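Whole structure, please, built from the sequences with the hints as guidance.
If you're matching them up, the sequences are chains S and R in order. Taking this note's numbering, the leading residue of the first sequence gets 430, the next gets one more, and so forth. Taking this note's numbering, the leading residue of the second sequence gets 8, the next gets one more, and so forth.
Treat the hints loosely; a few may be bogus.
Stated by the list, open to error - Straight line, CA to CA, 27 Å or less: simulated DSSO-like cross-link-like pairs of lysine-lysine:
| # | chain 1 | residue 1 | chain 2 | residue 2 |
| --- | --- | --- | --- | --- |
| 1 | S | K442 | S | K632 |
| 2 | S | K634 | R | K91 |
| 3 | S | K442 | R | K91 |
| 4 | R | K119 | S | K432 |
Simulated from the structure, these hints should not be mistaken for laboratory data. For clarity, every value in this text was computed on a predicted model and none was experimentally measured.
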Amino acid sequence: MRKMRYILRKEFKQIFRDPAILRLIFIMPAIQLLILPFAADYEIQNVNIGIVDHDRSTYARELVRKIEFSNYFNLTGYSNSQKEAMQWIEDDVVDLFIEIPADFEATLIREDEATLLMAVNATNGTKGNLGAAYANNIIGEFNRHVRSEWVQWPAFNPEPQIEVVHSQWYNVHSNYQRFMVPGILAVLLTMVGGFLSALNIVKEKEIGTIEQLNVSPIRKHQFILGKLIPFWLLGFVVLTIGLAISYFVHGIVPEANIGVLYVFGGVYLFAILGFGLMISNFTDTQQQAMMVAFFFMLIFILMSGLYTPIESMPSWAQIVAWINPVTYIVDATRIVLLKGGTFTDIRFHFLVITLGGLVLNTLAVWSYRKQT
Amino acid sequence: MFSIEVESLTKKFGSFTAVNSITFTVKSGEIFGFLGANGAGKTTAMRMLCGLSRPTSGQASVAGFDVYRQAEEIKQRIGYMSQKFSLYADLTVLENIEFYGGIYGLTRGEIKDRGEELIERLDLRGEEEIMVAELPLGWKQKLAFSIAIMHRPSIVFLDEPTGGVDPLTRRQFWELIYEAAATGITIFVTTHYMDEAEYCDRVAIMVDGNIRALDAPEKLKRDMGLATMERVFYSLAREATRGD
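What follows is the structure in structure tokens.
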């Protein structure tokens, strides 16, 4: 155990002397948590819309006005030629356009229904689809408005309508930051735990000092613990900084005992450190380790339910997602921070990550060789 | 009493035989030189003796311990200094001394005493707190050597320790080696500087994974009728078929 003290002292000194690591640990969480949640936002605004108005009637103008004054659209084109509108889509000037036929108002009054054409540029699928959905909503509302003008209450309504009133639990105002912040926090822990530790170990290989340690009586587990413990502790520092930013900047008040999150974070870091150690065992230079880490990071993030719900992935991707450790911490963080989940609510996450951590670390220790 | 006993030691990497069934012994307290061109297999041989590389076949014991089964016992009793620089550049002189002393299980008192002595001998007084990165190469090498023998190993392995160092510093470095040998430490050193070969008690010359000659430098020169170790080495190494 005395040896362990010397090893840890050396590791901490080196970490605190490495400006790159310090910057990563303190600045990365700050930047990511301060900027990303505002930028990476699903709520699509500023959808560019074009109107092809062949009718130019009162109703048509009213519809255009409704669209224009909604929060979602920028009216970037108004024309009476469909050809011109197609060119807008072609040139990426608009994301979608609505074509109002020449006899729109007349048909609406005469036949009680009218047809509108909507063309969507699906290059950016999310934007196009959401834009179309918003437009549909607005048109639906316009429709009801028109009807209510005509129908004299309490006259008989031939088409009963069901209107859905929904309330959003756990994120009452549908605030996107509340959704993103816990996820980003989870990703940060992954980066600190998994990748900084991998880089640190590979650095010893690269400069050759690992040889010197391998001929010394340091045991495998002592070397590995010496590398993992500092990053395990740094993980908690990052978690604390992250929670502070969520609280002070994003106003996320943890709904439950935050201790649960720390305990889970500790188990998670243990697992992801094992993963970092694996990477370092199979790479020889920091550059290689970076590339491998980057490869996994992309998969981890995209397939973790951070941005897109796992339930809507194809079944093979769902399997990948449930193997992905990031999935569990993203989910657990959201449960604890937003839903006020307790230990019982994330016991499955605990179980999986603990087992996964044991497997990863066993493999990592087993594949670490003092000998070639 | 032998420090190192090697019999038919072989290392293959796939179909390539880096070290081909070498046999030799090194006496306690001897300065044993291992010569060879780049790629002759001397580093591989040394790595097997240090427990860094597992032999493909053959027998070897270091300080009385078997390289296959007792690698960890060997590690406590040897020092090692490689051609790749082995100290931590981002730690100070003193911190390197403390770290390496600590991992070899020296007590705090031993680290302090031997550290003081080491700093005194290397004339590093006043430089204890500077980063090793800032030391000139020659000093780094001398420091690395002194740290490698700080735990009083019975054998120290030096892999081309003076590579890239100026002649004067090399001279000083060899004085340190002699001092260490005088205390009874066996020195196993690889080199391709032939003047250094002259400093050794005995040398083995490796060519293409085989030991082609093994004896005291004086005897080798006499037997082959050549004036210098350089000539001896050239006449043997010329036959080499593999290079870098």
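Status of each hint after checking the structure:
{"no.": "1", "hint": "S:K442 / S:K632", "verdict": "15 Å, holds"}
{"no.": "2", "hint": "S:K634 / R:K91", "verdict": "11 Å, holds"}
{"no.": "3", "hint": "S:K442 / R:K91", "verdict": "22 Å, holds"}
{"no.": "4", "hint": "R:K119 / S:K432", "verdict": "16 Å, holds"}
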